[in-house]
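> Take a look at the letters that make up each chain.
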Amino acid sequence: MDLSDGTYVTRARSGDSDAFRTLVERHSRSVFRLAFRMTGNEQDAEDVVQESMLRAYKQLGKFDERASFGTWLYRIAANCSLDLVRSKKRRTQNQVLAPEGDSDLENPVLTVPEPGPNPERMALSGEVRERLTAAMGDLSATERSAFVLRHFEGMCIEEVSRVLGCQPGAAKHSVFRAVQKLRRALEPVVSAARS
Amino acid sequence: MNHLNEEELILHYYSEESDAFAAEQHLDQCDECRAHYACLQRVLNVVDTLPVPARGEGYGSEVWKRIESRLPCRRRRWWSLEGHRWWSLEGHRWWSLEGSWRWAGAAAAFASLVVVAFMAGRMFPARRQKVDQVATAANVAEKQGGQRVMLLAVGDLLDRSQMVLIELNHAAPSDKLDISAEQARAADLVSENRLYRQTALQTGDTAMAGVLDDLERVLVDIAHEPAQMAPAELANLQHRMESAGILFKVRVLGNNVKQKQQAAGSVGRSDRQKL
Numbered sequence: 001m002d003l004s005d006g007t008y009v010t011r012a013r014s015g016d017s018d019a020f021r022t023l024v025e026r027h028s029r030s031v032f033r034l035a036f037r038m039t040g041n042e043q044d045a046e047d048v049v050q051e052s053m054l055r056a057y058k059q060l061g062k063f064d065e066r067a068s069f070g071t072w073l074y075r076i077a078a079n080c081s082l083d084l085v086r087s088k089k090r091r092t093q094n095q096v097l098a099p100e101g102d103s104d105l106e107n108p109v110l111t112v113p114e115p116g117p118n119p120e121r122m123a124l125s126g127e128v129r130e131r132l133t134a135a136m137g138d139l140s141a142t143e144r145s146a147f148v149l150r151h152f153e154g155m156c157i158e159e160v161s162r163v164l165g166c167q168p169g170a171a172k173h174s175v176f177r178a179v180q181k182l183r184r185a186l187e188p189v190v191s192a193a194r195s
Numbered sequence: 001m002n003h004l005n006e007e008e009l010i011l012h013y014y015s016e017e018s019d020a021f022a023a024e025q026h027l028d029q030c031d032e033c034r035a036h037y038a039c040l041q042r043v044l045n046v047v048d049t050l051p052v053p054a055r056g057e058g059y060g061s062e063v064w065k066r067i068e069s070r071l072p073c074r075r076r077r078w079w080s081l082e083g084h085r086w087w088s089l090e091g092h093r094w095w096s097l098e099g100s101w102r103w104a105g106a107a108a109a110f111a112s113l114v115v116v117a118f119m120a121g122r123m124f125p126a127r128r129q130k131v132d133q134v135a136t137a138a139n140v141a142e143k144q145g146g147q148r149v150m151l152l153a154v155g156d157l158l159d160r161s162q163m164v165l166i167e168l169n170h171a172a173p174s175d176k177l178d179i180s181a182e183q184a185r186a187a188d189l190v191s192e193n194r195l196y197r198q199t200a201l202q203t204g205d206t207a208m209a210g211v212l213d214d215l216e217r218v219l220v221d222i223a224h225e226p227a228q229m230a231p232a233e234l235a236n237l238q239h240r241m242e243s244a245g246i247l248f249k250v251r252v253l254g255n256n257v258k259q260k261q262q263a264a265g266s267v268g269r270s271d272r273q274k275l
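Each protein sequence line maps, in turn, to chains Y and W.
Using this note's numbering, you'd call the opening residue of the first sequence number 1 and step up by one each time.
Using this note's numbering, you'd call the opening residue of the second sequence number 1 and step up by one each time.
FYI, nobody ran anything at the bench for these hints, they're computed from the structure.
Careful: at least some of the hints might be erroneous.
Derived DEER-like restraints, expressed as beta-carbon distance ranges [claimed, not checked]: (1) Ala-227/W <-> Lys-89/Y: 18 to 24 Å; (2) Arg-177/Y <-> Arg-217/W: 24 to 30 Å; (3) Asp-19/W <-> Gln-180/Y: 51 to 57 Å; (4) Gly-169/Y <-> Gln-147/W: 46 to 52 Å.
Partial selection, computed: residues in chain W whose CB lies under 7 Å from chain Y [stated by the list, open to error]: (5) Gln-41; (6) Tyr-59; (7) Arg-148; (8) Arg-160.
Glycine is no exception: its CB is placed at the ideal position from the N, C-alpha and C atoms.
Full structure from sequences and hints, please.
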């Protein structure tokens with residue numbers, strides 16, 4: 001019979017590394033999904049998974065056993081992702097500008113393709129997906145984090161603000177801005193796919 | 001009739017609006033808002049299709065293999081030992097523990113000897129006074145021993161970090177410079193560094209904690225660089241390292257640590273001579 005996370009957390013806190021191993025095995029895939037959505041990069045997501053698990057292990061003593069281990073771990077993973085995205089962004093700002101070939105990804109709205117004759121084919125093609133990936137990449141680190149936590153992880157605005165360490169109003173506006181940007185980028189393609 | 005603005009529609013989509021009933025009622029009656037809302041739904045439904053690379057059933061085990069050796073040692077509590085080998089810590093035999101932990105194990109064994117000596121003193125009163133002196137001196141020596149272990153471990157960490165920094169600092173730019181080996185070493189050093197930084201903070205050594213904090217940032221930075229570096233990326237990394245003055249700080253702290261080690265060593269020797 002599978003025991004609950006809480007049981008394994010208690011065992012892990014008392015030094016049972018096999019118990020922590022079970023927690024890692026249970027949650028790694030979902031943490032990877034969250035990390036990938038937040039960082040948009042497979043290698044970064046891998047780093048976040050490992051770093052989150054290490055942080056979780058070191059902070060097990062601080063974990064309130066009445067809370068959900070999964071939520072607590074996602075919070076750590078979200079913070080790791082945010083740290084990584086911010087540090088990469090800072091580095092990118094110091095670096096050379098993006099190569100010219102990427103210019104069409106910078107403003108997807110300006111390069112909306114003509115609607116094709118076969119909307120189904122278009123919807124199924126990688127076009128929408130590519131545009132979505134680019135639009136997600138255009139969000140700021142905070143907007144992307146707030147949006148991923150709200151949209152994919154189903155956290156309420158209050159929880160999002162706690163994870164991001166900001167006021168609920170600021171978290172709400174980050175979600176608004178993210179949705180508005182995504183809408184501007186995707187609406188023309190989505191409409192074209194329907195027509 | 002007041003239309004729902006975009007923010008209200010977004011809140012409605014996520015069921016976070018203050019008055020869900022009113023919004024629902026309005027959407028039932030207003031074609032314009034209903035069209036806007038349908039459009040928002042379509043866009044957000046598309047977002048749900050954001051592809052995520054698949055990870056198989058065994059992914060959790062892979063992650064465990066990668067982090068297992070980097071987990072700090074967590075001492076098993078004595079009341080949770082039943083059914084487990086009492087001589088092992090987390091399934092690792094003490095002699096397989098790395099660097100500083102091996103020292104910590106030796107310190108614990110030394111402390112046990114002190115306790116045994118103390119108990120023997122109580123059982124054999126004629127020799128009690130002498131054993132008490134041994135125990136007191138041994139306690140002092142143990143504290144100093146702990147400090148020496150810490151200094152040794154930090155010194156070792158600084159030496160290894162310095163090597164990574166020097167290698168990257170002197171690396172000649174090439175078309176695609178492979179720094180994966182340095183990255184792996186930097187990643188290993190990060191968790192160790194963090195542990196010593198926290199210890200330094202707890203013991204009030206803010207100067208050491210400050211340098212270790214700076215070092216940690218640089219190590220994390222290196223670990224997250226692309227494994228194949230273009231000349232511009234390498235130049236950028238070298239510039240960041242230079243601006244942080246990290247190599248200089250690490251060298252200065254390394255020298256201070258060595259001096260402290262020598263001082264602690266000479267005090268320890270004189271205490272042992274007094275015994």
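> Holds or violated: 51 to 57 Å for the Cβ distance of Asp-19/W and Gln-180/Y?
Hint violated: Cβ distance 22 Å, outside 51 to 57 Å.
> Just to be careful: measuring from the Cβ of Arg-148/W to every Cβ in chain Y, is the smallest value less than 7 Å?
violated (25 Å)
> Next item in the hint list is Arg-160/W. Is there a CB on chain Y closer than 7 Å to its CB?
violated (19 Å)
> Quick check on a hinted range of 18 to 24 Å for Ala-227/W and Lys-89/Y, using CB atoms only.
Taking Cβ atoms as reference, Ala-227/W and Lys-89/Y lie about 20 Å apart, which means the hint holds.
> Take the shortest C-beta to C-beta distance between Gln-41/W and chain Y; is it under 7 Å?
violated (10 Å)
> Is the distance from the Cβ of Arg-177/Y to the Cβ of Arg-217/W consistent with 24 to 30 Å?
holds (29 Å)
> Indicate whether the distance between the beta carbons of Gly-169/Y and Gln-147/W respects the range 46 to 52 Å.
This hint holds: roughly 49 Å between Cβ atoms.
> So, as I understand it, the hint says Tyr-59/W touches chain Y; can you test that by seeing if any CB pair is closer than 7 Å?
holds (5 Å)
Checked against the numbered hints given earlier, this structure breaks hints 3, 5, 7 and 8; the rest are met.
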